[in-house]
Structures are given as structure tokens and as C-alpha cells.
Amino acid sequence: MEVKVDLANLYEERAGEGGIPRREWEAFLPQAQRAWWRLQEARSRGEMAFLDLPYMREMDQVIEVSKRFRGRFDPVVLLGIGGSCLGPQALAEAVFHPWMRSEGSAGAEGPRAFFLDNVDPSSCRHALEVAQEGNPLVIVISKSGTTVETLAQFLLFLDMLKRRFSDWRERIVVITDPEKGPLRAFATEEGLTTLPIPPKVGGRFSVLSAVGIFPAYALGIEGEEILLGAVEADRALRAEEGNPALETASLLYLLHTRMGKGIWVTCPYGDALEGLAAWRAQLIGESLGKREDIAPTPVSARGTTDQHSQLQLWLEGPRDKVFTFLRLKGHPLRAPIPEVDFPAEEAESLKGKEIGELLEAERRATQYVLTQRGRPNYTVTLSGPTPKALGALFFMWEVETVLLGSFYGVNPFDQPAVEKGKRLTWGLMGRKGFEAEREEIEAWGG
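Residue numbers (this note's numbering): 1 to 446.
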């Protein structure tokens, strides 16, 4: 598998009293294995569709359609929110680095990309202005077809495309429910290109569907490699020896429920990996945040930046955190430090080294001091910022989260509490049938 997990610093042998005694993990293992087999049984009944996305025949159609759009447009604009955007954005940023897709970046290959995962007017206006002067492709992603932010964005871009491009229908791809919803109805009526989100796959588990694969191809990333990485991860997790998803999920659960460590910090060392931390935060938060008495809180950090803003808290603050360090085995871009004349002893040790060496040295030093202080942490290493490695990581973290749902006794696939906020938003925007919600929130004030 293209992903390696080192859990040594979660155990008592390395982290002292802050780690889990190995005997506790061994005592918990039968319960963990039962959860694993329940997951496999549910999968055999077709109840875990997200696990089978890489094998679905429908993905052949997704790949065929996606390849027709590769290399034809600039910029590519993705309209979506939550799982409809975080996964594709994490993919693109990891492969190309976030700055390589910004406007005017030197050396950038392929189209510029805009991921509009918010309704901030400044961001929307900027993307709109760039798109209307270019050769744009607009990807609209909403499983329900009623996501308020995505619909609002789509109206902006639909109006622009109709006014400026006679072939506007060729510039829109809709990824939504295969049968129902206003986006599906509009796309069918206008003859737009559409791709389905399988009905049994929720948004935050959809990155290995058309939601992630089509935008990848549109930006020049080999989508089939993403799926191949997921397949390899699937085989690795089902092998006889070792299951990093099962062991990681178990240790995180034990550290939380038995030692009070419920704040889970994902700290990528590499700017291109930040999107993966954001994607994981949604996966954990929406999947597991369903019990008032106990639920983990995901936090995204950034190495080395947060060594200078949060490390003091991590080392001497409350012992309520577990740290995931996300790293690349090797960075694809090199930045050697030159032998420039600078009269300072401190600079001599840096000359002739790589900036990447400094990044890795800071990660190792940070993990060491955390471990010495009894602050449990572990390392996830990607073989590189490749589509295959990313597919494996997405798959592994999804399995890990579903196992955690079993341990906590919650359904990891729903998010019932957020519906109220959606209804209130529609009420404030004047949607028919939501008058009571408008009256309720107007009476409250705010």
C-alpha cells in the first residue's frame, strides 16, 4: 500500500503514562475484530456502497466521460460544499500544490482551478470574472440538488455562461442524484452532461465516486490511479497480517474513552497536504459527532507553522489531544539552500541542505518532544503526492471512521442535527413553505 502508518508513539512503551498499555489494546482486540467482521458482513449485503466504489461498473462510464473533458478548459470552476468540494480540492492541492493552480503561477501545468466551497461574495465575484474572460468549465456537485450555497453559486455562473457563451451547455457538468432533485431535472431538460452520485453513498464518503474522479480528470490527474490506490488499500486492510485502519481506530477510541484524549489534531508537514486535514476533519466531525456525552473533536494544524503558535499548548496544556502527523516520503520539488555569503554561525549548518530537510527535521523534533512529554502521536506517510497514494489514504481513513462509529455506537452516515439550520436559512431567504422558520428566527433576533 502507498500509505504507511507508524503507531508506536501511541503506546505506553514510547509515550509513557500518556500512551495506551499494549495489554489494553490486546484486551480490546476481540471487540475490534467483531466490529471489523460486522463491517464486512454489511458490505456483503450491499450496505457499505462507498467501499465498493472502485469496483462499480458505473465508474467505467465516469472515467469515459471524464476523459472527454480532460485538457479542454481553463479555468475549471467547481461549485460545491462539504464533501462535494473538500475531497476534489484535497486531491488537486496534494498533486499540484495549492499555489500551482492560482492565477498567474509560473510553471503551472494544466488549467487554473477554483473550488468555491463558500458563498463569500469576494471569492465568487473573482472566480466569475476570471471565468468569463477564459474558456471555463463549471462543475456543479450536490447530491440532493437543493444545497442552498451551491444553487446560489450555480445561478451566478449559469447567467454568465448563457450571456457570454453560445455553447454554454457544453461548459457545465452536473454531478448529482441519478434520478431526482432540481439539478437533475434541469440538466435533463437542457441536455447537460451529468454524472451520478450513487444513492447509497453520502457526500463525505463520495470522493472515490464521480465527485472526486471527474474533477481530477478535468485538472489533468489520472482518476484511474486514484481508484487503483483505493483497491490496493482495500486488499491491504483485508490481509491476514496487520490492519492499520483497525488498530488506529481502536487506539484513538481507547485514548479518548479511557484517557480523555478526545481532541484529534491532524498536522500535515507540507502545504500541499493541508486539504487532506480539512477533508478528514469533516469526515470525523459529521460522522462521529452525535453523542453529547462523548464525541471526538477534529482539529487541523500545519507544520511547521503551528510549532510557533500552538506547540506550547500541546506540550504543557491539557492532556486531551492525540496528534496525527501527515508527511510525504519525498517531496517532488527541491529547494536547495545555496552557499551564499552570510556571516552568521547559525546559517553555516543550513548551507548546502534542502529546505525539505529542514521541514523533516522540524517534524521529527516536534514528535520527539511531544512523545517525551507523554503526548501521544503517530505518523502517516504517503509514498508521494500521487493519485494512487491519495486514493489509498482516502479509503483507509473512511474505513477507520466507520469502525470508530461502531465503537462509539453511532451511525456514521447521517447528520440529523444540521437539518434545522438548513431550514432556517431557507426561511430567511424567503423560500415558500419555510415561513414558520423565518418567523422563528426573526423573533430570536441575531
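Mixed in with the good hints there might be a few duds.
[Unchecked claim] Cut-off 30 angstroms, straight-line C-alpha distance, at most; resulting in silico cross-link-like pairs (DSSO-like, lysine-lysine):
#1 Lys351 - Lys180
#2 Lys353 - Lys4
#3 Lys4 - Lys329
#4 Lys420 - Lys180
#5 Lys432 - Lys162
#6 Lys67 - Lys200
#7 Lys420 - Lys200
#8 Lys180 - Lys4
#9 Lys351 - Lys329
#10 Lys290 - Lys200
#11 Lys200 - Lys180
Derived by calculation from the structure, the hints in this document are not laboratory data.
Against the structure, the hints come out as follows:
1. Lys351 - Lys180: violated (61 angstroms)
2. Lys353 - Lys4: Holds. Lys353 to Lys4 sits at ~26 angstroms (cutoff 30 angstroms).
3. Lys4 - Lys329: Holds. Lys4 to Lys329 sits at ~10 angstroms (cutoff 30 angstroms).
4. Lys420 - Lys180: holds (22 angstroms)
5. Lys432 - Lys162: It holds: about 27 angstroms lies between the C-alpha atoms, which stays within 30 angstroms.
6. Lys67 - Lys200: The given pair, whose Cα atoms are some 25 angstroms apart, holds under the 30 angstroms limit.
7. Lys420 - Lys200: Roughly 23 angstroms separates the two Cα atoms, so the pair holds.
8. Lys180 - Lys4: The hint is violated at about 41 angstroms.
9. Lys351 - Lys329: holds (22 angstroms)
10. Lys290 - Lys200: Roughly 20 angstroms between the alpha carbons, so the hint for Lys290 and Lys200 holds.
11. Lys200 - Lys180: Holds: Lys200 and Lys180 sit about 14 angstroms apart, inside 30 angstroms.
Of the hints listed earlier, those the structure fails to meet are numbers 1, 8, in rising order.
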